[in-house]
Amino acid sequence: MSESETEPESRPLGPNVRQTAAEMATGDRTDTLLQTDGLVKRFGGFTATDDVDFGVAEGELRCLIGPNGAGKSTLLKLVTGTYEASEGHIYYDGHDITDLEPHERVQRGISMKFQVPSVYGDLSVRENARLPIQRFADGAERRERVDRAIEAAGLTGYEHVDASALSHGQQQQLEIGMAASLEPDLLLLDEPVAGLDVAEREAIAERVTRLNEEEGIAFVVIEHDTDFVASIADEVTVLHNGEIFLEGPIDEVKADPAVQRIYLGEEE
Amino acid sequence: MATDAPPDGGQSLAARVRARFEGPNTIGNSNGFWVGFLVAVAALVAFPLVGNAEQFSLFLVLSLLGLSLSVVWGYTGVLSFGQVVFFGLGGYTFAVVSINVSTPGGITAAVLAGVVGGGIGAAVLGYFMFYGGVRDVYVTIITLVATMVLHTFMAQTAGSEWTIGEAALGGFNGMPDIPLLKLGVGAASFQFMYNAIPVWVPGFGTVELDPFYYLALVLLVGTYLGLRALVNSDYGRAMVAVREDEDRTRMFGYNVKRIKLVVFILGGALAGLSGVLYAARNVFIDPTVFTLLFATLPVIWVSVGGRKSLLGAIIATIAIEYIRVTLGGELALVMLGALLLGTILFLPNGIVPWVHKQIRQNRPAPADAEGPETPDPTEASES
Amino acid sequence: MVNGINLALQFLDSFAFIVLAAAGLAIIFGIMGVINLAHGEFILVGAYATTLSATKLGLPLAAAMLVGTLVTAAFGVVVERFVISGAVPNWIGQRTVGRDFVEPLYDRLADSMVATFGLSLIMVQGARVVFGNSIDTVGTPFGNIAYGAFSYSTYRIVLSGVSIALLVGVYYIFTRTEYGMTARATIQDEETARALGVDTERIYMATFAIGSGLAGLTGALFAPTLSMQPTLGDQFLVEAFVAVVVGGPSVVLGTALSGGVLGAIQAVFTNLYGTFFGRIALLAAAMVALRFLPDGITGFIETVQSRRQEGE
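Chains as they are written, first to last, in full-length UniProt numbering: chain H, 1 to 268; chain A, 1 to 383; chain V, 1 to 312.
Hints are supplied without guarantee of correctness; some may be wrong.
Claimed, not checked - Computed list of chain H residues with no C-beta within reach of chain A, every gap over 10 Å:
#	residue
1	F46
2	G81
3	A85
4	G94
5	K113
6	E127
7	R148
8	E151
9	A152
10	S167
11	V198
12	E213
13	G216
14	D256
15	Y263
Claimed, not checked - Pairwise CB distance ranges, derived in the manner of DEER restraints:
#	chain 1	residue 1	chain 2	residue 2	range
16	V	W91	A	G171	49 to 59 Å
17	H	V116	A	S12	17 to 27 Å
18	A	W162	V	E178	50 to 60 Å
19	H	E215	V	E178	56 to 66 Å
20	H	N68	V	D100	30 to 40 Å
Claimed, not checked - Short, incomplete list of chain H residues facing chain A, as computed with Cβ under 8 Å:
#	residue
21	T80
22	Q107
23	S111
24	M112
25	F114
26	Q115
27	S118
28	Y120
29	D122
30	L131
31	Q134
32	L182
Hints are computed from structural coordinates only; laboratory data are not their basis.
Backbone N, C-alpha and C fix where the C-beta goes; we use that ideal spot for every residue, glycine too.
Could you put together the complete structure from these sequences and hints?
Written out as structure tokens, the structure is:
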């Protein structure tokens, strides 16, 4: 993976940067759910994300696009705390969460589905679905929540099947269901439809839209397929070489010649 | 430990008790298994009538050490070469305390001190590692190095400056003056070592039975059942989730570091108990418990038996140690090496889960579905 | 003054020992993701092959050492084919039951540790069965140098020179030869390397052979100074292990630096408090290093470097 030396001369400041860190810290504005401030992550000598100011409003559904190696997954993993930031800060719901452990961030309402579906294959669908719920719910409430999570994932009737026996699309649904069962305020999805067929993509799109509109969960979705992006999101952020390249409505971004160049350059 | 199984008015107390010991994290959730389990326990109870109980008690004691690794490595995914560190700490602590206070009450306290000592050792090392962000194979290497440190250290304690109270650590010569194991206080105590009890058994006449053997057996069976209940509980499911994928388990809001530390401490205390019994049984302990070979034995038992199977750990410990002791010498070690190599290459999940799978495949399916939980999936997995 | 010389010689001795013990293990760990717990026994093969060709075949010591190195490299190839890659069992499997028996041990760190420990048991006890509890040794060449009331084996000073030459040689192999280039490409990204037509299986086989050969060379070089027992590998394993994990991902630089740092610590503590504490200090330093520098010394250096570049 070579890092291109050329950088866009001037980075347009996206509409997404809603407030400064100072505003965030004083809690002046409340509609911003997540805001990163100068976020940098280095792996050895390689800089995966570089000075990223990325913001998400409450209830927003934002897609994150960009060529391979742009730093998209890294950014999400910094937000969840899976990676520790080399520099910069992450504010969530008015608090600086940069130094919190991953599980503490989850308990504050951030949840994530990783790129590769990694349901616990040895366990049944029901046992998988129970795992996030058993931490905070007991008895009848637990049963109810597990039932609901399974139903929402469209897996009723599959409760006692080993998760490894599910199709790829069903595993993605189960994973999203497990993440959503924590009732987060912000759900991060890393490539939820990679490798799925059209019907499965539509099912996921519908699911994400419903969770967003009905339960008010804010989403950040990493996705390559611009048609899928257009079907769920209004706003997109383009990441390139670890930096925010462009932000705006999907149609504008798609039409931007610089964005097209990044993608074409990557395919050749 | 509440399960989310549908409430079932018809369920008997026995079924509900049994449900605590069953689940996808252990093999053997059928009636057939529990019948077999009772037969096996009965056979172990009767074993001293026909076999050498004094020798066999060693295998039972070491099985506890095997179980300690199974729960740490097999269920939580932390491969520790350091179980013998806590085993040795337990044994040495027991020796030091009991030599200094050799009354029955003192010896009983020494047993507890040994278990706590193993647990504290694991807490210190575990906190140092897990809360320091050390992961994966580096944990394994640190535990291996910790073993070497203790071996090097204990080996040089021959001098008189290495005396704690009346107890000399003794360097390579070890500690030979450990008092005989007594549990209880004052008159209400019982001596478990060298105190064979004559018992009249129908068909065998009067037989001398070794109480230490039965102590070890009770502790082993109790520990096995306790760990089964643990790994099939909510906490056990979280442990297995940590083993399968730490990052993902964090994303469900679990404090993975704490889970690993808690299990590591439990494993350390269990290894400490095993070490206490080992020192009590041999009335002796020396630095050979910290050698590389001894450090690797638990890994061998658990690998061969099946790391994700508590039962496998016990069966393999007993079988391998029996072979090692009875064959003796170079040949036994060559066989042990070949067994280890062969298992990792050809049956990476271990022998007992493999046998279990064969049994399940050659049997009509419904037999296993009668538990209150779901039918358990096969133990085989990708790792 | 005399104590200063003692300390310097002690350091050179520790440095040479650590570097020589670690080099083979570092290469195999760094490139293949295999932790070879039988590393000490590969050193044993080199030491025995050297000693036996000198004492039984009457070869001159230098030639015997070459034999020891080559025999161990060849032995490494056999182990790689049968155990590490599983190529031979799988070849048999494909021809008999039509499927692979074995999953290669590449990047299965824990499994490779357990499997190679099994191998090490077989080798130690095998050596005992075949050769008995000890074999005759060859004498240490070059005699001693005396200073003050002390004297010191010249050969051990030669060894520290050899260890530096060895680091240079390994550096040359990995930066200047075609094998080295492809091997490094394979570490970076195995998939891509394979897509570009690199025969990664051959790279792994060659890597294991080179790593084994270096272990054999270590055994050959130390053969004149050790008593020839089947357990002689044990004394190398710990230092090798510690040096590799403290060194970090960069094989040559990591081994050199950890040899330097750990050698210095061991030398100072040995000099002050005796051999036991030298060893304990070495092990304790390793544990602390693992805890605070999880990517080893070279990983730490890379981070510092990149941070400095950012600052400019």
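Results for each hint:
1. Listed as a non-interface residue, F46(H) keeps its Cβ farther than 10 Å from every Cβ of chain A; the least gap is roughly 20 Å.
2. Separation of G81(H) from chain A is inadequate, the least Cβ-Cβ distance of about 8 Å not exceeding the 10 Å criterion.
3. No Cβ of chain A approaches the Cβ of A85(H) within 10 Å, the least distance being about 14 Å, so the stated non-interface status holds.
4. The Cβ of G94(H) lies farther than 10 Å from every Cβ of chain A, with a closest approach of about 20 Å, so its non-interface assignment holds.
5. Once the 10 Å rule is applied to beta carbons, K113(H) is inconsistent with being away from chain A; the minimum gap is 8 Å.
6. Under the 10 Å C-beta cut-off, the non-interface status given to E127(H) relative to chain A is violated; the minimum distance is some 6 Å.
7. At the 10 Å boundary, the C-beta of R148(H) stays outside the reach of chain A, the nearest C-beta of that chain being 12 Å off.
8. The claim that E151(H) lies off the interface holds: its Cβ sits roughly 15 Å from the closest Cβ of chain A, which is beyond the 10 Å cut-off.
9. No Cβ of chain A comes within 10 Å of the Cβ of A152(H); the nearest lies about 16 Å off, and the non-interface call holds.
10. Non-interface call for S167(H) relative to chain A: holds, since the shortest CB-CB distance, roughly 17 Å, exceeds 10 Å.
11. Listed as a non-interface residue, V198(H) keeps its Cβ farther than 10 Å from every Cβ of chain A; the least gap is roughly 28 Å.
12. Against the 10 Å criterion, E213(H) stays outside the reach of chain A, whose nearest CB is about 23 Å from its own CB.
13. The non-interface label for G216(H) is consistent with chain A: the shortest C-beta to C-beta separation is roughly 20 Å, beyond 10 Å.
14. Non-interface call for D256(H) relative to chain A: holds, since the shortest CB-CB distance, roughly 33 Å, exceeds 10 Å.
15. Residue placement check: Y263(H) keeps its beta carbon more than 10 Å from all beta carbons of chain A (closest about 29 Å).
16. The hinted window of 49 to 59 Å between W91(V) and G171(A) holds, with their beta carbons roughly 51 Å apart.
17. Range check, V116(H) to S12(A): Cβ separation about 44 Å, and the 17 to 27 Å hint is violated.
18. Range check, W162(A) to E178(V): about 57 Å between beta-carbon atoms, so the 50 to 60 Å window is met.
19. Checked against the hint of 56 to 66 Å, the pair E215(H) and E178(V) passes, with Cβ atoms roughly 58 Å apart.
20. Checking the proposed 30 to 40 Å range against N68(H) and D100(V) shows it holds: the Cβ atoms sit about 31 Å from each other.
21. The beta carbon of T80(H) is positioned within 8 Å of a beta carbon in chain A (closest approach about 6 Å), and the interface hint is therefore held.
22. Taken as an interface hint, Q107(H) checks out: its beta carbon lies about 5 Å from the nearest beta carbon of chain A, inside 8 Å.
23. Checking S111(H) against chain A: minimum C-beta separation of about 6 Å stays under 8 Å; hint holds.
24. Contact between M112(H) and chain A, as hinted, is supported at the beta carbon level, the nearest pair being about 5 Å apart and thus within 8 Å.
25. Given hint, F114(H) at the interface with chain A, holds; its Cβ is 6 Å from that chain's nearest Cβ, closer than 8 Å.
26. Annotation: interface hint on Q115(H) violated; nearest CB of chain A at approximately 11 Å, more than 8 Å.
27. Annotation: interface hint on S118(H) holds; nearest CB of chain A at approximately 5 Å, less than 8 Å.
28. With a least beta-carbon distance of about 5 Å to chain A, the hint placing Y120(H) at the interface is held under the 8 Å criterion.
29. For D122(H), the shortest C-beta to C-beta distance to chain A is roughly 5 Å, which falls under 8 Å, so the interface hint holds.
30. Residue-level restraint check for L131(H) holds (minimum Cβ-Cβ distance to chain A is 6 Å; threshold 8 Å).
31. Of the supplied interface hints, the one on Q134(H) holds, with its beta-carbon coming within about 5 Å of a beta-carbon of chain A, less than 8 Å.
32. A distance limit of 8 Å between C-beta atoms decides the matter here; for L182(H) the minimum to chain A is near 6 Å, and the interface restraint holds.
Comparing the model with each numbered hint stated earlier shows that hints 2, 5, 6, 17 and 26 do not hold.
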